[in-house]
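Participant: Below, each chain spelled out in residue letters.
Number of protein chains: 2
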Amino acid sequence: MAEPFVSEVVIERLPLYLRMLQFLEKEGKQVTSSQELAERLGFSSAQIRKDLSYFGEFGKQGTGYNVMFLQRQLRRILQIEQTRDMALIGVGDLGRALANYQGFLEQGFHLVALFDSAPQKIGMTVGGLTVQPMTELARVIQERKLQVVILAVPAQAAQQVANRLVELGVRAILNYAPITLSVPSDVRVYNIDPVIGLQSMAYYLK
Amino acid sequence: MAEPFVSEVVIERLPLYLRMLQFLEKEGKQVTSSQELAERLGFSSAQIRKDLSYFGEFGKQGTGYNVMFLQRQLRRILQIEQTRDMALIGVGDLGRALANYQGFLEQGFHLVALFDSAPQKIGMTVGGLTVQPMTELARVIQERKLQVVILAVPAQAAQQVANRLVELGVRAILNYAPITLSVPSDVRVYNIDPVIGLQSMAYYLK
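These protein sequence lines are chains A and B, in that order.
Counting with numbering that gives the first Met the number 0, you get residues 0 to 205 for the letters of the first sequence.
Counting with numbering that gives the first Met the number 0, you get residues 0 to 205 for the letters of the second sequence.
Honestly, the hints are just simulated from the structure, not real lab data.
We put the beta carbon where it would ideally sit given N, CA and C, even for glycine.
Keep in mind that a hint or two might mislead.
Derived PhoX-like pairs: lysine-lysine, alpha-carbon spacing no greater than 25 Å straight-line [what the hints assert, rightly or not]:
#, chain 1, residue 1, chain 2, residue 2
1, A, Lys59, A, Lys28
2, A, Lys144, B, Lys205
3, A, Lys205, B, Lys144
4, A, Lys25, A, Lys59
5, B, Lys28, B, Lys59
6, A, Lys49, A, Lys28
Which residues of chain B face chain A? A few of them, derived with a C-beta cut under 10 Å, are [to be verified]:
#, residue
7, Pro14
8, Met85
9, Ser116
10, Ser181
Chain A stretches covered by chain B per the calculated footprint, using a threshold of three residues with CB under 8 Å from any CB of chain B [said to hold, decoys possible]:
#, segment
11, 58 to 70
12, 96 to 103
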């Protein structure tokens, strides 16, 4: 079934709904409502109903949403029913923390390769994986058909590495470098920059 | 001068404008335009002009924006002209990487205290700071009047620690725990969760 065009801000809320449903499941809940999700997430219930309505009818008037069913539907919509392999580039302090993070695999993202350009890091084992040189990047990405890469390199190297990734067919970059990457419109970039968060919160401080 | 109510999505774009202006400054540019900022950031120039117009007139028709002047104005608007002190709670792999990150201080956020609940971590030095026990939290936050805290504790501990921070008067929490925190409306939370990014990008993959 073809899905309608849905704006990015809606898509970015779907993982939050999924995470909350997983949390409710752990609490032993089998059924929830847009009101409950709204209270827990700090959104309005109307927004949640509208977001979900782009993709179908997932609840019944008066009985709410089945927690497990809605999780499965969200996983289908987000295309995360199967585990996806990904690579990490840049094994500094942050890269090491990410390579050791269990939360990726729990949520269906499997880190399968680490790369760094520093000779002294090549061959090191981090999070059960061996750090490989950048000269291996093309081979590994193409052989394993990797579409997702985590970029944890310094800001001054990030655009150049991103260009390389785009050439190699990577379609999604989780970017930890504190710069705005320039990529073609069919490549997704999701930026993670704590400074942006701190600065935007500072606006609200006295 | 009283500033008008401006929506959160606008405020969250201001640090991106600031970061791009810093980048243009490093490139040696003294003047820029909403068109140039738009191309570099992937926004529309109309949106950039509209966002800035909430706060005043910063450019001249036909001559654009002075790069240094607009940076200073954005720092004033975001209230980041002076360095702000902050604490970090949770010195695991991620917490260590954050404690060692130079980018906070470069952008005006000074990490001054580290806390962890694990006895074996107390007294360790990380990023030049000594890890303190949670029993010192109240004293340090109050003595140093800390309003900003980075939360890098496990998900199951995060809400409880956040409650404590709210009681102690903390007003801004950079939350790395993969849960939606519940806090009063006068406390800001900015969530950093790479899984949310990966899942929302997966929607766009084939």
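Participant: Quickly compare the C-alpha distance for Lys205 of chain A and Lys144 of chain B to 25 Å and report which way the hint goes.
Facilitator: holds, 12 Å
Participant: Tell me if Ser181 of chain B is really an interface residue toward chain A, meaning its C-beta lies closer than 10 Å to one of theirs.
Facilitator: With a closest approach of 7 Å, the Ser181 of chain B hint holds.
Participant: Hint check: Lys28 of chain B vs Lys59 of chain B, CA-CA at most 25 Å. Holds or violated?
Facilitator: It holds: about 17 Å lies between the C-alpha atoms, which stays within 25 Å.
Participant: Would you check whether Ser116 of chain B satisfies its interface hint, that is, whether its CB is within less than 10 Å of any CB in chain A?
Facilitator: violated, 19 Å
Participant: Would the hint linking Lys144 of chain A and Lys205 of chain B be met if the CA-CA limit is 25 Å?
Facilitator: holds, 12 Å
Participant: Hint Pro14 of chain B vs chain A: min CB-CB distance below 10 Å?
Facilitator: holds, 4 Å
Participant: Do at least three Cβ atoms from the segment 58 to 70 of chain A come closer than 8 Å to Cβ atoms of chain B?
Facilitator: Result for this restraint: violated, n = 0.
Participant: Does Met85 of chain B meet its interface restraint, that is, does its C-beta lie within less than 10 Å of any C-beta in chain A?
Facilitator: holds, 8 Å
Participant: Taking 25 Å as the top limit, are the C-alpha atoms of Lys59 of chain A and Lys28 of chain A close enough?
Facilitator: At roughly 17 Å apart (the allowed maximum being 25 Å), Lys28 of chain A and Lys59 of chain A satisfy the hint.
Participant: Is the listed coverage of the segment 96 to 103 of chain A by chain B valid when you require three or more residues with a beta carbon under 8 Å from a beta carbon of that chain?
Facilitator: Holds, because 6 residues of the segment 96 to 103 of chain A bring their Cβ atoms closer than 8 Å to Cβ atoms of chain B.
Participant: Just to be careful, I want the Cα atoms of Lys25 of chain A and Lys59 of chain A compared with a cutoff of 25 Å; is the pair within it?
Facilitator: Holds, at about 22 Å.
Participant: For a C-alpha distance cap of 25 Å, please report whether Lys49 of chain A and Lys28 of chain A respect it.
Facilitator: Between Lys49 of chain A and Lys28 of chain A the Cα gap is close to 23 Å, so the pair holds against 25 Å.
Checked against the numbered hints above, the structure violates hints 9 and 11; every other hint is satisfied.
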